[in-house]
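Residue numbers (my numbering), protein chains in the order written: chain E, 1 to 351; chain R, 1 to 351.
Just so you know, the hints here were simulated from the structure itself, not pulled from any lab data.
Some hints here could point you the wrong way.
[Unchecked claim] Mimicking EDC-like on lysine to aspartate or glutamate, the simulated pairs with C-alpha atoms at most 20 Å apart in a straight line are:
{"hint": "1", "chain 1": "E", "residue 1": "147", "chain 2": "R", "residue 2": "271"}
{"hint": "2", "chain 1": "R", "residue 1": "74", "chain 2": "R", "residue 2": "93"}
{"hint": "3", "chain 1": "R", "residue 1": "147", "chain 2": "E", "residue 2": "44"}
{"hint": "4", "chain 1": "R", "residue 1": "147", "chain 2": "R", "residue 2": "223"}
{"hint": "5", "chain 1": "E", "residue 1": "74", "chain 2": "E", "residue 2": "132"}
{"hint": "6", "chain 1": "E", "residue 1": "74", "chain 2": "E", "residue 2": "124"}
For clarity, every value in this text was computed on a predicted model and none was experimentally measured.
2 protein chains.
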Amino acid sequence: MSTPSALSDTHVGALPQPYLLFLGDTTVPGYAKTAYGVRDWAGDLCVGEWACGATVSTGLPVLTPREAKERGAKGLVIGVANAGGFIPDSWVDALVEALHAGLDIISGMHMRLAEIPRLAAAAELLGRRLIDVRTPPRNIPIASGRKRAGKRLLTVGTDCALGKKYTALALARAFAVRGVAVDFRATGQTGILIAGSGIPMDATIADFSAGAAEMLSPAAHAEHWDVIEGQGSLFHPAYAGVSLALLHGSQPDVFVVCHQPGRTHVLGHPEFVLPTIEQVIELTIQLGQRTNPAIRCAGISLNTGHLDADAAQELLTRTATQLGMPAADPMRGGESFDRLAQAALDEPAGA
Amino acid sequence: MSTPSALSDTHVGALPQPYLLFLGDTTVPGYAKTAYGVRDWAGDLCVGEWACGATVSTGLPVLTPREAKERGAKGLVIGVANAGGFIPDSWVDALVEALHAGLDIISGMHMRLAEIPRLAAAAELLGRRLIDVRTPPRNIPIASGRKRAGKRLLTVGTDCALGKKYTALALARAFAVRGVAVDFRATGQTGILIAGSGIPMDATIADFSAGAAEMLSPAAHAEHWDVIEGQGSLFHPAYAGVSLALLHGSQPDVFVVCHQPGRTHVLGHPEFVLPTIEQVIELTIQLGQRTNPAIRCAGISLNTGHLDADAAQELLTRTATQLGMPAADPMRGGESFDRLAQAALDEPAGA
Chain E
1 MSTPSALSDT HVGALPQPYL LFLGDTTVPG YAKTAYGVRD WAGDLCVGEW
51 ACGATVSTGL PVLTPREAKE RGAKGLVIGV ANAGGFIPDS WVDALVEALH
101 AGLDIISGMH MRLAEIPRLA AAAELLGRRL IDVRTPPRNI PIASGRKRAG
151 KRLLTVGTDC ALGKKYTALA LARAFAVRGV AVDFRATGQT GILIAGSGIP
201 MDATIADFSA GAAEMLSPAA HAEHWDVIEG QGSLFHPAYA GVSLALLHGS
251 QPDVFVVCHQ PGRTHVLGHP EFVLPTIEQV IELTIQLGQR TNPAIRCAGI
301 SLNTGHLDAD AAQELLTRTA TQLGMPAADP MRGGESFDRL AQAALDEPAG
351 A
Chain R
1 MSTPSALSDT HVGALPQPYL LFLGDTTVPG YAKTAYGVRD WAGDLCVGEW
51 ACGATVSTGL PVLTPREAKE RGAKGLVIGV ANAGGFIPDS WVDALVEALH
101 AGLDIISGMH MRLAEIPRLA AAAELLGRRL IDVRTPPRNI PIASGRKRAG
151 KRLLTVGTDC ALGKKYTALA LARAFAVRGV AVDFRATGQT GILIAGSGIP
201 MDATIADFSA GAAEMLSPAA HAEHWDVIEG QGSLFHPAYA GVSLALLHGS
251 QPDVFVVCHQ PGRTHVLGHP EFVLPTIEQV IELTIQLGQR TNPAIRCAGI
301 SLNTGHLDAD AAQELLTRTA TQLGMPAADP MRGGESFDRL AQAALDEPAG
351 A
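Let's have the full structure, built from the sequences with the hints guiding it.
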């Protein structure tokens, strides 16, 4: 897939691009989700892949760091995770080789790159950067709450991990295809690798979280759109505070509710029943009005990967009828997704 | 004032007590608010005060660090702030002297004590602790959302800085006087100095804020009360996320709404009209029900310091009548405050 310019902004903490995707010694495809996400959404920023024993592949050309550097690569992205979120000793030789080849190293893992003495020493010696995208920028301001110029869309959800990033990326792409000036604004590690910039909302200091959301999506010209990746859920027993700070700081004009049909309880919190889509719409408007009285819901994004095409279409139609607004699966695209994107862009009747 | 045992718990990050209160070279009483707060609410944990040129005083005995140590002091508390939130060079000799006398140093300032090389070196040499109460504990868990045993009261507000800490302290004391097993749970720096423990909610990492609130107020026996110091406001454009995380993690059975009569707009955010007390009650119940379906409002705490006694009493009576629940000013105490404390303790009719 090609990547519209919407996905290569250089706002907050611009990353060295293009990338060489590093797969380590990973043998489980699920652990390479980050590499697949970057390939799918920022493919024209990836010159190739490299590994030290991995059996998984992104399908991109296999290049050594030196070959990647010759083709213009500036950063090596650690595109795999493991259960512990740490960088095993067996990867360190490869990472040091990348530094020697002239690449910076970019990681979204919990462990900080500079905690590995050999990496820290090599980066220091060679004048290369070790970039942890889970680290928020310094000097995030306290939120002002003041309305900024430009238009903003935020994806929200009934829960975590059901398509908020994917929906935002797909909508940003759909906006760009329509000739709309748009930036995808990333709030999580994979989104930041894809966008080349962003702020990891979950890692911000609580008092500054709304300020981080303001910083992420600064004032722009009146017709410009920021499409902002949502986090958590206002109904989540652990993460609702992050979601509210992101809502208040983003000041969205428009939001899209993301949901995984069939999910009945909060992931990892089986005591908590999932809210309905209607409840999410109501609460998002109620709380979002504090910083943007004109906030409105453009429609619904359903993750229908577990259904066949007919069942998915039937569910989308039923949901759209029931709620009186577009419902689409960005993975399937099609007319329903066109309607959702257009509903987000259209001023509401009477406005 | 004496201090009930409620205020000397040793739960999270227990501080070295008793204290010697340090006033630096402060000449502006407003800058000594922390020292006054600790004197007022943890007076039996303060052996004296000490300064290096201050003209303000807490009225406690003036003691050198060595004299304070002889009377049992374990920590020197920096009880003053200055405009920049930093520790001036002119205090460092005095602080080093305190370390030599055998006291740990406790600070609630933004600047970390260990950033001052002479302090860091002296503490290292002498085996003394430099404690920054703005630093949250390590290993805060992600919130589980699971209901914990024991009872909890949270003070909430229409805004910041209008009496949530003071109200919580006064209620904890009133509970203790009634023979109720109670702990005051501090969520800000002055509260932590008073309680001798606590977690600075504003400094937690956003994803862990609700978990911090759970950690702050752990499971207890069924009749035990935690009275938790609130932070921010659910209507605050910068801090609502912190307030929501604290509400969800605290799982309060009861809350008290704090308000400053006459304040019409959010402090420092003149574009934002303050919510009404009724709006705060409604939203706190609506959102708080997510982790405690039985949440209820016990009454209102008004900061009436700017009114004379008659006007204050008239306002409290009018507010109580209007809202159908007790309204009191903890600073004034009296029958209305007794009613508020009792309403918090009483099971609601029909429960």
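> What hints, given by number in increasing order, does this structure fail?
Replying inline: When the structure is compared with the hints, only number 3 turns out to be violated.
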